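**Q** Got chain A sorted already, so can you dock chain B onto it with the hints?
Chains as they are written, first to last, in this note's numbering: chain A, 251 to 415; chain B, 116 to 214.
No lab work stands behind these hints, which were simulated from the structure alone. Just to be clear, a hint being listed does not mean it is correct.
As the list claims (entries may be wrong) - No more than 20 angstroms apart at the CA atoms, straight line, and that leaves these computed lysine to any residue pairs for SDA-like: (1) B:181 with A:274; (2) B:181 with B:170; (3) B:181 with A:288; (4) B:181 with A:280; (5) B:181 with B:171; (6) B:181 with A:269; (7) B:181 with A:268; (8) B:181 with A:271; (9) B:206 with B:196; (10) B:181 with A:267; (11) B:181 with A:273; (12) B:206 with A:380; (13) B:206 with A:345; (14) B:181 with A:276; (15) B:181 with B:169; (16) B:206 with A:346; (17) B:206 with A:361; (18) B:181 with B:191; (19) B:206 with A:344; (20) B:181 with B:167; (21) B:206 with A:377; (22) B:181 with A:346; (23) B:181 with A:286; (24) B:181 with B:126; (25) B:181 with A:266.
This one's a predicted model, so the numbers in the text were calculated from it and none came from an experiment.
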Amino acid sequence: MMNRNLIIPLLVRGLFLLFVWWSLSGGALSSWWIGGPAVVLALLVSMALLPPQHLNSYALLRFIPFFLIRSLLGGVDVAWRAFHPRLPINPLLISYRLTLPAGLPQVVMVNSVSLLPGTLSVAIDQQRLQVHVLNGGQDYLAGLQQLEQRVSRIFGESHQRSKAE
Amino acid sequence: MNISDYLSALLLIAGGLFFLAGTLGLLRFPDIYTRLHALTKADNVGLGLMVAGLAIQADSWAVVGKLLLIWGLVLLAGASVAYLIANGALKRGIRLWRR
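The following block holds chain B by itself, in its conformation from the complex:
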């Protein structure tokens, strides 16, 4: 293994940890709004790190471009869907959890 392999392994493991955090948040957070926080933000970073880790290993720039496009689209979709779900919940009168 050379340096770039170690670097991409590190990025992939870190990305996996963020996905784990997102899922943990989904399970542990008390209501729909707080769960959305965990899913959108942690998974966005997790995917970003994984994309970075895979881009280092890519054999061509076209693959790097494709990975970046995937990340951008997931970012856009994640933020838009989070808004739609939160907005739907509010309109249905789902109260937020308060400490």
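Chain A extracted, bound-state conformation:
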């Protein structure tokens, strides 16, 4: 089982890095003299810096459209407020209790919060995330809970564990 747990992340990351090089070099064949070793080195560094962990790939795939749509809404929301003559904002600083474990899950959460409508991560101290809310009238809490649930599904911490694990 150990092998299988290592081979899939190696394959996924390797393919991604190959894609990055192919894209940067515009597919020039002669560039692979440099690109090949660079991909291998990058793969080794990535495995050392970010050891593979259990990811629910179905949840990850479902997170992408969720994130894109919500961040588009976030942009529309803040753009509308910036253009509005009366500047309809009512900022608040709130404290949100995370149930996500420290490490990558929290990093994903903190970064996503800042791109979603009306919220901005300001500080994180263990399980307490301080969030700046642009407009206190909005239902920011539901948005944060939904986001946290989605992130926790990616890392397989919820009841929706995938059978592949």
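**A** The following block gives chain B in isolation, referenced to the frame of chain A:
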């Protein structure tokens, strides 16, 4: 001009509007935290729309890949830097603007 040209013109103009909104927010919003909202979110969408508009015109898939990589990296950098600036401001005791 064919349909794809119109579509990419539309996306590029829309992207420009979001960049304008981000800059307007930077100028009009009252404090550092609210300005970060404008910059991270509006510019992220603006760049996304511009990337989409340019991807339609790209001559090869490698260029599309490059555009998507740029967008992804800006997204990551934008969100991380916004956190660092907001966190720095809070640690320095900069109070948030309240209505």
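**Q** Okay, which hints does this one fail, numbers in order?
**A** 22
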